[in-house]
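Colleague: Work the whole structure out from these sequences, hints included.
Residue-level listing of the chains:
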Amino acid sequence: DGGITQSPKYLFRKEGQNVTLSCEQNLNHDAMYWYRQDPGQGLRLIYYSQIVNDFQKGDIAEGYSVSREKKESFPLTVTSAQKNPTAFYLCASRADKYSNQPQHFGDGTRLSIL
Amino acid sequence: GEDVEQSLFLSVREGDSSVINCTYTDSSSTYLYWYKQEPGAGLQLLTYIFSNMDMKQDQRLTVLLNKKDKHLSLRIADTQTGDSAIYFCAEMRSNYQLIWGAGTKLIIKP
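Protein chains in written order, with our numbering: chain A, 1 to 114; chain B, 1 to 110.
Bear in mind the hints are in silico, worked out from the structure with no lab data behind them. Some clues are possibly wrong.
[To be verified] Stretch-level coverage of chain A by chain B, calculated; a stretch enters the list once three of its residues show a Cβ under 8 Å from a Cβ in chain B:
#, region
1, 41 to 47
2, 87 to 98
3, 105 to 111
For clarity, every value in this text was computed on a predicted model and none was experimentally measured. Built from N, CA and C at the ideal position, the CB exists for glycine as well.
Modeller: Okay, here's the thing in structure tokens:
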């Protein structure tokens, strides 16, 4: 089955620590996205990538970093500079950025502070 | 304004119809989407409508689009307990940017 796999499902971060959230897709999609979801709020875009080795900041990129070394993979690192990282993180992909095809989502990673 | 707006909560009785409303912002938006999110899960695409359509029906789901008022609605017929979730509306703007509403939590009363 084609889809998006996020891991881990739950993650805990200690003060001053960087943590990396994994996102893998086998849909052969060019575009991939990371969103942050807080209770009672919509999705806020952190970073997106249209193609391998290229990515752009979204609306709330501060304190986060990404890489796109392979088409299938778009990991997100939450750095110690992100002072309020507790949230639900969602990865999505789409055929390409200029497509009207809908975004497909993974099941999310819930990040909490220890 | 810049935001896609939705009410935060909707409560309906099991078996009744649910109507979830959304107001979007860009009259040149091309596609409008409805997603469903169950607790602790990702977003699942329910349906989407192209901006030159007025209505789209898919089994128990009916989407209505009023372009003049930039208003989108999702009607769920014969609402069941499995429909309990958060429903997100999103608009695809002409620059391919996707703008999300804050989500409407659908609560089903027995």
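Colleague: Tell me, which hint numbers fail for this structure?
Modeller: Failing hints: none at all.
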